[in-house]
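Protein chains in written order, with this note's numbering: chain A, 1 to 164; chain B, 1 to 772.
Do not rely on the hints blindly, as some may be mistaken.
Below 30 Å or equal to it, Euclidean Cα-Cα: the simulated DSSO-like pairs (lysine-lysine) are [to be verified]:
1. K53/B / K93/B
2. K53/B / K130/A
3. K130/A / K82/B
4. K398/B / K93/B
5. K271/B / K82/B
6. K130/A / K758/B
7. K640/B / K151/A
8. K93/B / K151/A
9. K82/B / K53/B
In short, the hints are calculated from the structure, not lab data.
On a predicted model such as this, the values are computed, not experimentally measured, just so you know.
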Amino acid sequence: MNDERITVGITVNGVTHRAVVEPRTLLVYFLREQLGLTGTHVGCDTSQCGACTVHLNGRAVKSCTIFAVQADGAEITTIEGLARDSALHPVQEGFREKHGLQCGYCTPGMIMSAVHLLQANPRPTDAEIKHALEGNICRCTGYVNIVEAVKWAAERMRGDHVSR
Amino acid sequence: MTTQRAPSGLIGASIRRVEDPLLVTGKGCYVDDIQLPGMLHIAFLRSPYPHAKIISIDTAAAKAMPGVVAVLTGDDLSEHLKVPVPSIVRGMKIPPQPVLARGAVHAAGAPVAVVAAESRALAEDATSAIEVEYESLPAVADAEKALEPGAPLAHEEFDSNVCYTVTKKGGDVDQAFAAAEHVVRMHIASPRLVAMALEPRGVLASPEPMGQGLTVWLSTQGPHRARADLATGLGFPEHKIRVIAPDIGGAFGSKGPLYREYIVAAHLALKLGRPVKWISTRSEDFLTTNQGRDQAMTSELALKRDGTMIGLKVRVAANLGAYLQSNTAGPPQRMMAMAPGCYQIRNCHVEVVAVFTNTVSTGPYRGAGRPESVLNIERLVDKAAADLGIDRLEIRRKNFIRPEQFPYKTGVGVEYDSGDYGRSLDEALRLSNYDELIRQRDQARKRGELVGVGISTFVEPSGGAGFESGAVRVERTGVITVLTGSSSHGQGHETAFAQVAAEKLRVSMDQVAIRHGDTLAVQQGVGTFGSRSAVMGGGALAVAVDRIVEKARRIAAHLLEAAPEDIVQADGGFAVTGVPEKKVTWRQVAGAAYGRLPKGMEPGLQETVFFDPKREAWGFGAHVALVRIDRETGSPTLEKLVLVDDCGVIINPMLVEGQVHGGVAQGLGEAFREQMLYGDDGEALTGSLMNYAVPRASDMPPLVLGETVTPNPFHPLGVKGVGEAGCNGAPPAVANAVMDALAPLGIDHIDMPYTAPKLWEAIRQAESKKRS
Ligand code: FES
Ligand code: FES
């Protein structure tokens with residue numbers, strides 16, 4: 001066991017936290033247990049499910065694959081930081097609109113991966129969406145409506161939807 | 001907003017889910033999201049052997065580690081702590097299942113010791129400091145091998161590996177087979193599957209101050225049943241336990257039973273006087289959570305030359321695993337009860353031999369015996385058609401139970417309520433453009449390509465398993481609280497049930513709150529599994545609402561000084577018939593109910609219903625698949641999948657589609673990718689997501705969904721269940737398509753999953769046989 005403690009400074013959803021962590025603390029547990037941001041989930045122990053996906057300096061990463069110390073100085077966005085001024089992010093809205101979730105356990109990770117995709121590619125094809133979500137497992141929805149949700153959000157974000 | 005639309009027309013509308021705003025913003029609350037002051041974490045040391053004697057356990061080093069509060073082994077615990085398992089089949093053997101192993105282990109993953117510590121990491125560290133000496137014993141993993149003479153015994157105290165044998169009979173099978181002009185014989189095995197709910201299992205048990213009671217947050221499908229089992233397993237009074245099922249991250253049957261870790265956590269919480277949390281790792285989940293399927297069927301179908309089915313014999317070897325959970329014995333029974341599928345087969349003999357092996361326990365996993373049964377009969381029917389040279393549509397139509405025959409008692413003595421199997425098949429053919437698919441297949445075949453079209457027609461029983469409860473309470477301000485015993489884990493009960501209540505009460509949905517998942521708040525209930533919630537929870541709710549309306553009508557009559565017969569429901573309350581301006585709101589009615597009522601009228605406005613229709617609801621459907629197999633690599637592609645399901649009256653089409661999508665994904669996982677594999681000696685070969693392949697987004701083919709609506713004549717809402725339809729119908733349609741594609745090579749049958757290497761091997765063998 002390692003008794004060493006390290007002080008880190010990590011900015012999460014715009015707030016900088018100085019915290020003392022063990023070297024072995026994974027970012028996901030730092031977020032969940034030390035900061036109480038439990039929207040980021042843990043679904044596996046082999047980096048395969050993507051339930052823990054967050055943005056680190058604007059990139060989607062699996063927070064179970066990174067130690068908290070490696071995020072020292074980084075900017076993290078979690079699912080809790082996505083909605084602005086209580087307005088849902090279009091991807092969040094899309095998941096609701098298109099029934100892209102059932103139990104909701106994969107959803108935060110899915111949404112974070114999808115947001116990252118749409119930042120890089122505002123007009124993804126179905127195949128590109130599926131490819132971007134390859135690292136995220138959903139056991140409930142069969143992915144059909146997740147793809148629809150992402151397409152819906154892409155349209156919103158481009159602003160070329162016809163308003164209802 | 002949709003939830004404020006006019007109350008009429010809610011049933012049948014695709015209302016967006018009221019659950020979602022919290023879940024899409026990360027504000028859901030799953031068991032592991034709860035932290036309590038002073039909370040301890042526990043971790044288990046588990047057996048690496050599938051079958052072994054425990055010679056010694058040394059916990060001294062673990063106990064001395066900092067942060068460790070307790071280390072216990074089976075010998076430290078009272079024998080009374082055990083997993084309660086009901087005997088659902090007369091004479092079935094129930095092996096002992098102490099919550100921590102005592103003297104021996106019978107499956108890899110069996111818990112041998114537990115550590116309670118100040119953090120999860122410390123608890124895990126300490127388990128690796130425990131020394132256990134084992135003596136490995138012979139083990140068996142395959143159910144059919146376990147039945148062979150001289151096979152290793154999974155439990156040394158039993159004289160065989162048979163847990164139970166049951167038979168269902170109808171008609172005269174011997175005579176049918178004697179009269180048969182053709183008999184189809186097949187051996188069909190369904191793969192063993194992992195439910196893989198994305199949220200691993202977990203529990204948080206917290207003693208109430210001063211030893212009065214125990215609150216338990218549990219990732220469960222049925223909090224009331226879990227509470228009763230916990231009371232029994234722990235020896236603690238049921239009425240002092242509160243079980244809360246918070247948000248549940250999927251379950252699919254696997255979170256039905258009360259697993260032993262929960263009893264250990266509750267025991268430690270009481271003993272140590274501190275909250276105790278256990279959250280399974282994914283790897284632990286693979287070794288400890290009920291798995292599904294793993295039934296091997298040896299079947300014979302007797303026919304007339306014209307394709308009339310006259311007799312069915314099935315012998316099922318069902319692998320139960322080593323330890324029984326409370327629902328392990330169930331799925332094989334379900335398999336039996338629907339063995340003849342949608343066909344009139346009067347003479348049936350179905351035998352299940354349920355077998356112990358040194359593997360993870362099995363139990364209900366989405367379908368729970370249904371997919372095995374549908375696979376069996378649908379493969380038999382296709383083979384019969386091929387053997388007899390009859391078109392597979394014709395043989396099905398010829399033998400379907402006809403609409404006018406319902407309610408229909410099948411050859412295994414089960415009554416189906418209603419159906420129109422020909423109509424759903426026709427719809428599936430129409431949507432798939434079937435004739436065109438066949439034309440394409442035939443052309444491809446001429447080019448030497450391996451292309452197949454498969455269909456399945458199936459029944460989908462739902463409801464059942466006792467009762468379900470629903471309580472409706474109109475509160476003082478006129479808003480409505482619904483307490484349902486049917487707690488949800490992703491299905492959208494809060495939306496669907498609110499639609500039902502709001503429409504029937506003529507209020508907007510935001511006037512209705514659906515509460516579930518807390519034994520302190522909700523009357524006794526059963527839970528969500530077996531496609532039962534719309535049928536059972538919905539039925540209870542519908543009846544309770546009707547009773548509320550009747551009482552409220554009398555109160556309204558009193559308030560409006562009219563006769564109760566002259567009072568009608570109006571938006572938001574009641575009115576005098578023909579005089580719409582003479583009306584009262586729910587708030588006024590509630591005010592009277594809790595205020596001043598005339599003599600002889602009981603105060604209050606609450607009704608509780610325990611609903612038991614005493615019969616199941618038999619949904620059905622027809623699925624069509626188009627599969628192409630690459631001759632060079634064996635790689636299969638599902639090019640088209642058409643799904644027509646009939647679940648009676650639909651409450652929310654969006655939710656029904658979601659259920660079908662999810663079920664299909666799991667069905668396609670079964671058909672193409674998923675299989676939990678054990679070595680001959682019981683060693684788990686696919687114990688993590690590294691080698692157990694669940695479908696990813698890109699694995700999903702384009703789906704075409706359709707429906708027919710045959711209302712359930714025995715249900716207040718006319719509904720039937722649909723949660724398992726996708727995984728019942730899709731795999732056999734795929735199996736029939738794959739076998740159709742391989743038919744030109746003379747291949748008769750291959751078991752799922754259809755992985756590329758397996759198909760490649762079969763193609764290679766068939767081709768070399770052809771050449772020689
Ligand atoms: S928890 Fe991070 S990938 Fe599964
Ligand atoms: S919604 Fe349950 S895992 Fe995706």
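Hints versus structure:
Distance check on the hinted pair: K53/B and K93/B sit about 21 Å apart at the alpha-carbon level, within 30 Å; holds. About 48 Å separates the Cα atoms of K53/B and K130/A, which puts this hinted pair outside 30 Å; it is violated. For the given pair, K130/A sits about 45 Å from K82/B by alpha-carbon distance, which is inconsistent with the 30 Å threshold. Using a Cα cut-off of 30 Å, the hinted pair K398/B and K93/B is violated, with the two alpha carbons roughly 42 Å apart.
Under the criterion of a C-alpha separation no larger than 30 Å, the hint pairing K271/B with K82/B is consistent with the structure, at around 16 Å. Note on K130/A and K758/B: the hinted pairing holds, with a Cα-Cα distance of about 26 Å set against a maximum of 30 Å. Among the hinted pairs, K640/B with K151/A is consistent with the structure: their alpha-carbon atoms are about 22 Å apart, no more than 30 Å. For the hint linking K93/B to K151/A, the alpha-carbon distance of about 54 Å lies beyond 30 Å, and the restraint is violated.
Using a Cα cut-off of 30 Å, the hinted pair K82/B and K53/B holds, with the two alpha carbons roughly 19 Å apart.
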